[in-house]
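J.: Chain by chain, the residues run as shown.
Protein chains: 2
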Amino acid sequence: MELLKRRIREDGTVRGTDVLKVDSFLNHQMDVALFEEIGGEFLRRFDGCGVNKILTIEASGIGIACVTAQFFHCPVVFAKKSQTKNIAGEVYTTKVESFTHGRVYDVIVSKRFLGPEDCVLIIDDFLANGAALEGLIDLVNQAGARLAGAGIVIEKAFQPGGDRLRAKGVRVESLARVKSMSEENGVEFVE
Amino acid sequence: MELLKRRIREDGTVRGTDVLKVDSFLNHQMDVALFEEIGGEFLRRFDGCGVNKILTIEASGIGIACVTAQFFHCPVVFAKKSQTKNIAGEVYTTKVESFTHGRVYDVIVSKRFLGPEDCVLIIDDFLANGAALEGLIDLVNQAGARLAGAGIVIEKAFQPGGDRLRAKGVRVESLARVKSMSEENGVEFVE
Chain A
374 MELLKRRIRE DGTVRGTDVL KVDSFLNHQM DVALFEEIGG EFLRRFDGCG VNKILTIEAS
434 GIGIACVTAQ FFHCPVVFAK KSQTKNIAGE VYTTKVESFT HGRVYDVIVS KRFLGPEDCV
494 LIIDDFLANG AALEGLIDLV NQAGARLAGA GIVIEKAFQP GGDRLRAKGV RVESLARVKS
554 MSEENGVEFV E
Chain B
374 MELLKRRIRE DGTVRGTDVL KVDSFLNHQM DVALFEEIGG EFLRRFDGCG VNKILTIEAS
434 GIGIACVTAQ FFHCPVVFAK KSQTKNIAGE VYTTKVESFT HGRVYDVIVS KRFLGPEDCV
494 LIIDDFLANG AALEGLIDLV NQAGARLAGA GIVIEKAFQP GGDRLRAKGV RVESLARVKS
554 MSEENGVEFV E
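As given, the protein sequences belong to chains A and B, one line each in that order.
Just add 373 to the spot in the first sequence (first one is 1) and you have this note's numbering.
Just add 373 to the spot in the second sequence (first one is 1) and you have this note's numbering.
Treat the hints with care, since some could be wrong.
The list treats identical chains as one, so a pair stands whether inside a single copy or across any two.
Listed next, the in silico DSS-like pairs over lysine-lysine satisfying Cα-Cα at most 27 Å (straight line) [as the list claims (entries may be wrong)]:
#: 1; residue 1: Lys378; residue 2: Lys484
#: 2; residue 1: Lys394; residue 2: Lys468
#: 3; residue 1: Lys378; residue 2: Lys468
#: 4; residue 1: Lys454; residue 2: Lys394
#: 5; residue 1: Lys484; residue 2: Lys394
#: 6; residue 1: Lys468; residue 2: Lys454
#: 7; residue 1: Lys394; residue 2: Lys552
#: 8; residue 1: Lys394; residue 2: Lys378
#: 9; residue 1: Lys541; residue 2: Lys394
#: 10; residue 1: Lys484; residue 2: Lys552
#: 11; residue 1: Lys468; residue 2: Lys541
Honestly, the hints are just simulated from the structure, not real lab data.
All values reported here derive from a predicted model rather than from experimental measurement.
Next comes chain A alone, as it looks inside the complex (with noise of 0.2 Å):
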């Protein structure tokens, strides 16, 4: 997605060959109309899967998956990083490590919000690790619900997340793919 790539060219910042801050229009602050665009290009994939749920983890999930149910008419399920005293009944739960965190957190969804009459998009702003992916994807299964496969925003390509699960099988559209990255010489995306 070419508009998404000069975005983070334009705005977004290399930290050493890792890390990449994109929190201007992506992750803390949000440009909502490229979220629009965002939401279209993943319609754009996805249509015809039968998609009729969006599943994301918060936070910073939750904002590009909205928008982008829009396109999909449907509603949107956020998998909660931790038990709160909110959420009643039963839950399907994962464990994901947040390496940027550096823990391990219980992920949970309510059971009545997944089940077997689903057809999943996951949705997330960021694929590195794959460690969040996964968690939802066994969320997912959980539930024997149908995956209809992960729309991510940012892949890095560079890491093993992405590759290891399309080995398994998993449909993993990501609109913007960075093979490497540097302070001297910015991003440098797959073709």
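Please arrange chain B on chain A, whose structure you already have, making use of the hints.
T.: Relative to the frame of chain A, chain B by itself:
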């Protein structure tokens, strides 16, 4: 907002006299078609106020804030509940006590995304004791930004937050104001 009140009556669940669960459409599963109606209503109430930025707090405010921002044609900034490695540089910080989770959070916003040039509309799903909203107002004040007001989806009007903030001169617009609730009689709204 009658559509919202009807939805709360139909799909909300009351626990005791204090807990209103609306997780089937507002803050776990999210009905984005309803969010579009909510966003349109916030625009009707705050149109012409010069809003150029929407501020919310993770996680459940983000979806409503993003859909509302489509109506205002402005970006969203969401305040984060703890410092992460993903935020560089200086931040505004405040403390918010969560009664739901029984703890105090540091809540932060990057100084790059809130400043004296901003006219801010705060959006959140719930207003009860007002702790989260007061924290967000503190961040707006630290930034030297102008506060247009707060757009709240559900206010527990039997708790003191809304009236305390209105008494301080904050414009608080709540789309559904709950006067009282019980498991036997359901939800009664302020007319």
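J.: It remains to establish, for every hint, whether it holds in the given structure.
T.: We went through each hint and held it up to the structure:
{"no.": "1", "hint": "Lys378 <-> Lys484", "verdict": "between (37 Å within a copy, 25 Å between copies)"}
{"no.": "2", "hint": "Lys394 <-> Lys468", "verdict": "both (25 Å within a copy, 25 Å between copies)"}
{"no.": "3", "hint": "Lys378 <-> Lys468", "verdict": "neither (31 Å within a copy, 36 Å between copies)"}
{"no.": "4", "hint": "Lys454 <-> Lys394", "verdict": "both (22 Å within a copy, 18 Å between copies)"}
{"no.": "5", "hint": "Lys484 <-> Lys394", "verdict": "between (34 Å within a copy, 15 Å between copies)"}
{"no.": "6", "hint": "Lys468 <-> Lys454", "verdict": "both (9 Å within a copy, 21 Å between copies)"}
{"no.": "7", "hint": "Lys394 <-> Lys552", "verdict": "within (16 Å within a copy, 44 Å between copies)"}
{"no.": "8", "hint": "Lys394 <-> Lys378", "verdict": "within (13 Å within a copy, 40 Å between copies)"}
{"no.": "9", "hint": "Lys541 <-> Lys394", "verdict": "neither (29 Å within a copy, 38 Å between copies)"}
{"no.": "10", "hint": "Lys484 <-> Lys552", "verdict": "neither (38 Å within a copy, 31 Å between copies)"}
{"no.": "11", "hint": "Lys468 <-> Lys541", "verdict": "within (19 Å within a copy, 44 Å between copies)"}
In summary, the structure is inconsistent with hints 3, 9 and 10 from the numbered list given earlier, while agreeing with the others.
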